[in-house]
Amino acid sequence: MSSEVLEKLTEYARAELFPATEVRPETALVSSGLLKSVDTARIVAYVHEEFGVRIPLAGLKRDNFENLGRLAALVTSLRTPTA
Numbered sequence: 001m002s003s004e005v006l007e008k009l010t011e012y013a014r015a016e017l018f019p020a021t022e023v024r025p026e027t028a029l030v031s032s033g034l035l036k037s038v039d040t041a042r043i044v045a046y047v048h049e050e051f052g053v054r055i056p057l058a059g060l061k062r063d064n065f066e067n068l069g070r071l072a073a074l075v076t077s078l079r080t081p082t083a
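Take the sequence shown: its position 20, counted from the start at 1, is 20 in UniProt numbering, and no numbers get skipped.
No lab work stands behind these hints, which were simulated from the structure alone.
Some hints could be false.
[Unchecked claim] Once the Cα atoms are required to be at most 20 Å apart in a straight line, the calculated DMTMM-like pairs of lysine to aspartate or glutamate come out as:
no.	residue 1	residue 2
1	K61	E26
2	K36	E22
3	K36	E26
4	K8	E49
5	K8	E22
6	K61	D39
7	K36	E4
8	K61	E22
9	K8	E66
10	K36	E66
11	K8	E26
12	K36	E11
13	K36	E16
14	K8	E50
Sequences and hints are given; from them, build the entire structure.
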């Protein structure tokens, strides 16, 4: 996973989605109920705008959004061209 991707996702989540919560890369977002569907839509839009990556329908699984570390790993894998 790219540390740049993780840093940017963490900054975005802290500033735009969860300003009243101390969000870390390992903070449970889905299972804790912190991440709502509208937040997921906002993150997907941010990922597309910031990283030029479209998360495919198959990537919109709860596990991929459980924490920012997992989301960063998904974004990094989608940014990496396959040979």
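Hints, one by one, checked against the model:
no., hint, verdict
1, K61 <-> E26, "holds, 17 Å"
2, K36 <-> E22, "holds, 17 Å"
3, K36 <-> E26, "holds, 17 Å"
4, K8 <-> E49, "holds, 12 Å"
5, K8 <-> E22, "holds, 15 Å"
6, K61 <-> D39, "holds, 14 Å"
7, K36 <-> E4, "violated, 25 Å"
8, K61 <-> E22, "violated, 24 Å"
9, K8 <-> E66, "holds, 17 Å"
10, K36 <-> E66, "holds, 11 Å"
11, K8 <-> E26, "holds, 15 Å"
12, K36 <-> E11, "holds, 18 Å"
13, K36 <-> E16, "holds, 13 Å"
14, K8 <-> E50, "holds, 9 Å"
Hints 7 and 8 from the list above are not met by this structure, while the remaining hints are.
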